[in-house]
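**Q** Listed in order, the protein sequences are those of chains B and P. Sequential numbering from 47 applies to the first sequence in the working numbering. Sequential numbering from 24 applies to the second sequence in the working numbering.
Treat the hints as calculated values from the structure; they're not laboratory data. Positions of the beta carbon are idealized from the N, C-alpha and C atoms, including for glycine. Don't take every hint at face value.
[As the list claims (entries may be wrong)] To give an idea of the interface, some chain P residues facing chain B are shown, with a C-beta separation under 8 Å as derived from the structure:
no., residue
1, A146
2, R234
3, N247
4, G255
5, V256
[Claimed, not checked] Restraint ranges, calculated between C-beta atoms of paired labels, are given here:
no., chain 1, residue 1, chain 2, residue 2, range
6, B, D447, P, R46, 20 to 28 Å
7, P, Y342, B, P397, 37 to 45 Å
8, B, D182, P, G172, 57 to 65 Å
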Amino acid sequence: MVATVELHDVRHAFGGNPVLRGVSIGWDAGEVLALMGANGAGKSTLIKVLAGVHPLQHGRISVGGTPLSAADGPLAARRLGIETVHQRIDEGVVPGLSVAENLLFERIAQSELPAVGSLRRLLPAAREVAAGLGLDWSDATLRRDIHELGIADQQLVLLARALSRRPRLLVLDEPTSALSAAETDRLFGVVDDMRRSGVAVLYVSHRIGEIDRLADRIAVLRDGSIRSEQAKPFDWPAAVRDMLGERGAQELVEIHDRRGDEDVLQLRGAQLFPGSAPFDLTLRRGEVTGVVGLLGAGKSELALGVFGAQPFAAGTMRLAGEPYAPASPADAVAREVYLVPEDRAAQAMLPGWSIARTASLPFLRALSPRGVLRRGKERADGRAVVERFDVVASSETQPVDALSGGNQQKVVVGRWLRGQPRVMVLDEPFRGIDIGARHDLSHRLRELAAEGSAVLVLASDVDEVLEVADRVVVLVEGVPRLDARSVDVTRDRIVAQMAALTRAEPHGEGVA
Amino acid sequence: MPKTEAEQAAAAAAPAEPRPGVRELAVRYGFIAITVALFVFFAVTEETFRQPSTLFSMLKFASVVAVVGLGVTLTMVVGGLDLSVGAVAGMAVTISAMTMVIYAQVGGVAIALVLLAGALIGAVNALLIVVLRIPDLLATLATMFVVMGLKLVPVDGQSVSSGMVLRDGSVAPGRFTPDFLAIDRAFVGPIPLPVLIVGLISVATWFFLNRTRWGRLMYAVGANPEASRLAGVRVGRYRALAYVLSGVFAAIGGLILSARIGQGDISAGNSLLLDAVAVALVGTSVLGMGRPNAWGTILGAVLVGILITGLTIAGFPYYGQDVVKGIVLLLALLFSFTLSRRRSRYTPAAVI
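Isolated chain P (complex conformation) (with noise of 0.2 Å):
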């Protein structure tokens, strides 16, 4: 319809225009500065920063909360959240333990189990969430209870290692192979091995979310799961790969891990679950998107690396950790609630 010049310029005084300013750019690329103003400041002010291998040990070190928050992300973006990677992950180093040192197989069937029983408990959520309609966060909150505790019970409770007396008085016959440990120790390059894979698998999930018919019809389950359905979307099948995917991802980051200890330590991956879920709601801030995505997850791993790298080598105790990962998510979620007009899309409370 055309305006007249007066409507066009009544149009223009109307007090309540948007300023695309300050706020929008704060949004948009807030957290991206803050990453990048955080990094300089400790390249500047701690030398043993500066150097690269420091560089590669700090994303080394973000490597594993990653992986495990790009499978968060996954079932973020179906409009649900895993509660039971931290388990996971922390069973894969039972299993991967169990298998070299008690069973005296070598790394690669250590591997293949670890990755099957990731696919399985992920199935296990599936199943509980899709056909016996249990809320997402109550379903995964009881698999992460009985991953926890199952994985205690071959093991009588301990941890495993190389040499350990088995409960028959005999000394296990087997021990981390070399292969195996070097999932976390090997370079390819100056690049470290666990760097290179986490690089890998986020390039193929940001491809796989973005640019696939799957990641999209993800997105749109987690968006409207009765409209998608009404367009003829499969939404169990969609919410189902999202916790495959989200437990064979949460196992990935425990054989990182598993090769990082050098053995099956029974505490290992405790502290993932907050860790992988607030990296991934960080995400969702990252570009002022308001929605999880794979950049995102990716980025607030390497933020939360930065600090806390940044903070350890300063002279921050690491008991304090914790402080500086809670105040980074608050950060993340005021970009994403707070400041931005685009209401974060997702909500957790919205699944329960």
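Only chain B is shown next, with the shape it has when bound in the complex (with noise of 0.2 Å):
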């Protein structure tokens, strides 16, 4: 059968916002469309919508001719041969259970498979579910469970399981956001694979040269309708303006170069990891330094390390020429040392909580001289946070985590900017933010460096580091291995040097 996908003027609502308004666009089995759009343009509302996690509220969509019913939710889309590879991966797997069992999920929980019995009946069709994405894993790893494998794998144990299922059309959602480059290739053929068998793939993606690579056809949406659609050869600059709207392509990357004038913040024989070689590594004042490393590198332990949230394996610090030792996250910022976190749902938002208070959680102390909490100041500092950072909402009381993506990033790095901090960590502050927000935050952090703070960024994305950074630091296993001025490398030389080990095995990730 041919699965050829149809939506027609698909609407989606939230409370009284229209997210979606009105997405009609088709395509056929064997083609790639890749959806490009920028943060709360309504993708991530599309793929929930088709995945059936979101109910079907106005319009229609039919795969092979066949309609999705509103009702049943993700088994309806499941029954239309509909697989979605969600971006948070913690939505897929199942945390306690083994990598075979994830593998395996779907068919134990409809009963296809016994849910009571050893582990080892299940090795074998397992392994076969693995060997569908190509990945030969072994028994010992099949039986670990799901939680000891880094994140990228247990990103492809979710594409692995969704391939095992035979869909018609095959959703992916940021897939390459925790990827490797070597794990990358793999997905490509994978999806070079899907497109030869015949199956429709929508592939959400916010780097161009990945969908260069693979899409048949872009659609840009934009303000929950799709703007525009291409077929190969792409326009880029079309797309991105058609992305974007009115603000308009930005110029392209420039390096910069600004030297620091002042040893800011010392580490002195640091070990990210039990074992891993110890090494110096000095942060100045009035430079943005960018780490760049695959998952796994050590970026998070050492942005969590300096900020005290977790100690280094070993090392001692100095901040200012005075012993830095910071027990908690508490002594860091006293110290005016402060971190954005890398995950930012799980370790900056407070469900529910609004701009403002979320704004001032780090600062409460100066909002309330005798304990007491002087509100008004509060909300006052909450909407200058919206106005000098553009964040898009109605007001500085509405809920951080009704925000968009890139605005909420906005929010959880624009608190911590009331003042000039000493060092501002920021691990992966560009994921899943559009273009246009990721230009606007670096100008920032390139401001908050001339203003006379040292700017930490941490990166797996090497165009977003170069971007942004004048010094440009690449973390292999813990170590760093290059230690150099942006205007003196080149891009192939970073990835190389990041490239130069990658493990074949599975490897716990030690992420916070």
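Make one complex out of these two single chains by using the hints.
**A** Now the structure itself:
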């Protein structure tokens, strides 16, 4: 049967907010459609409607002529042959179960496989599912708890599971955000296979390079409807313009070279992992230092260690010449060392909390001299964050979780910048935000350094780091492998350093 | 971004527009409406219910559950739950009776000792939960058993009453002093003293939770402990504070209870835990807030008080009371979990 996907006038609203305003698009079996869109364009909502997570409110979705029924949720979508790999891995993996059980989870849940019985009996089937993605995993790996795998491998488990159900429409939401270069290549191979075997693919990504490599067609979503469609060869400037609307395409990346004037934070003999080689690192005032590394290279360990949230395996620090040994983030904040953590939802946001409250949380002491909160001042401060960072929100009392990803990020970054931090650390600050927001944020960070902060940006994307940093440090297996001025290195050289050591076997992440 | 008129029209026509009507109103004001309606119903149908003295005795009845419930609310705010409150209140009854009856001390000493003991149990809970990392429910469950058992040891499992014969054959020298009994039995104008005390504590708790830094940080810790930690909040301190306060509040409830009974009843406080947790949970649904809060807890206690008093006057058997409480709790949970668009942010399962 030919799987031709049709979406007709699909609309969706949350509360009073229309997010999808009539999406109509169709694509054929064996075609890879890339969906692009800025944050808040409605991509995630569209994916969730397709996956049956949000019931279809209005319009029609059909695969191979069979319509998706609004009832039944994800099961209805699955019956139509729609398989989705969501961006957030924890929406897919089942903690506490083995890798094998996770690979087979849906079949276990639907009683196609025995729910009771030894793990050994599941291994052949699990191996088969893994092999569908070209993964040759040992029984020992399959028996491990899913959380012992790194994020990238968990992602592969979800992908293998989706493929094992022989989908007619495969939806991939930012599938490479957790993958290394080698794993990304493997994923591309899978997508090519899907295309050949007549599966329709919806590929959602921010990364133009990936889309250029994979897509047969692109569609740009903005403000809840499709603004343009293109077939190959793609006109990228046009696509980016459609994506960003009036704001227009931004200038090309320029490489910065501002030299810091004063040593602010000095790491001596730091070991990020037990047994990894010790190293020294100095962050300077007025300079943006970019640390680039793959998942598991130790970026988060470095960030959390500087912030006192998780001690280094070994090593000492000095801050502005004084000994600095933060036992908790509170100590770091008191010394004006701040962190924007990697995982916004889990590590920076409080469910239901307004922009003003989220922004004031680190500095409540200043807002309550005798313990009693000055709420008018708090709201004014919140408003200031909204205005200074162009947060798209109805007011400072709006809950942060109701904002789009890019605007959420503006709030959790902006809240730290009411004064002049000594050291500002940002772990993957550009993840899941659109190009416009990324340029904005880079610009802010450059300003911050120019005004006298030491800024440390950690990311796995080389371009993101090059765009913002004066100095690039490549972290491999917990050790800086290259430390150079941005103007002196090329993208290729950085990538070569990053890729110098890649592991074959799944490896625990050790991420907090 | 400017919208075209067509877009706006399309948005307005979108089928899933919310109806900010009946459901939202029900979630917001349903509970208050039910409370008022019940009050009016009983006031119309039962003559005795109408008298002011009934109103005050009802509030007096509710005061113990209310203050213990406030303690539970504080622990719920930090994302936990204190199961030892009933045991602490019971312990307060025994300690106050022992201090006055067996050791012949004045009421003030009894009060001081009880409050200290409450804070101490709270501190032990805090130690178990914050330092030794035992999940809240399990740690306080263990404390509950230990406290319930421990209070029986010095009194040989006997209730303490004035004139009782002690282990060595002598008669207990002391008695419940009038100043101590006044905690429950005195009036300020027409208002019973316990109602006044708990009223003041309620206002103070509300102010603490909603207007001070410490209350705000406690809510932050409950909403997302990791995000709070990474915002520089000393999470452990605020969780500890909640359990210490909860212990003190339970001890205050025990003091009122002790003054009410006038003897060291060994079984006192046993039913308090469930009542206190229930009113705190009912409180989360009041005004559709979906989070534990001081007013809600007080309103929950008053609602249960109205129901029990009204039904008792109407001749409803006392042994049916638990069924009524259960139904009230169920209703409250329906409001906060089923009807509310905003999902309740307090789910006790999250702490296990």
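**Q** Checked against the structure, which of the hints given earlier come out wrong?
**A** 1
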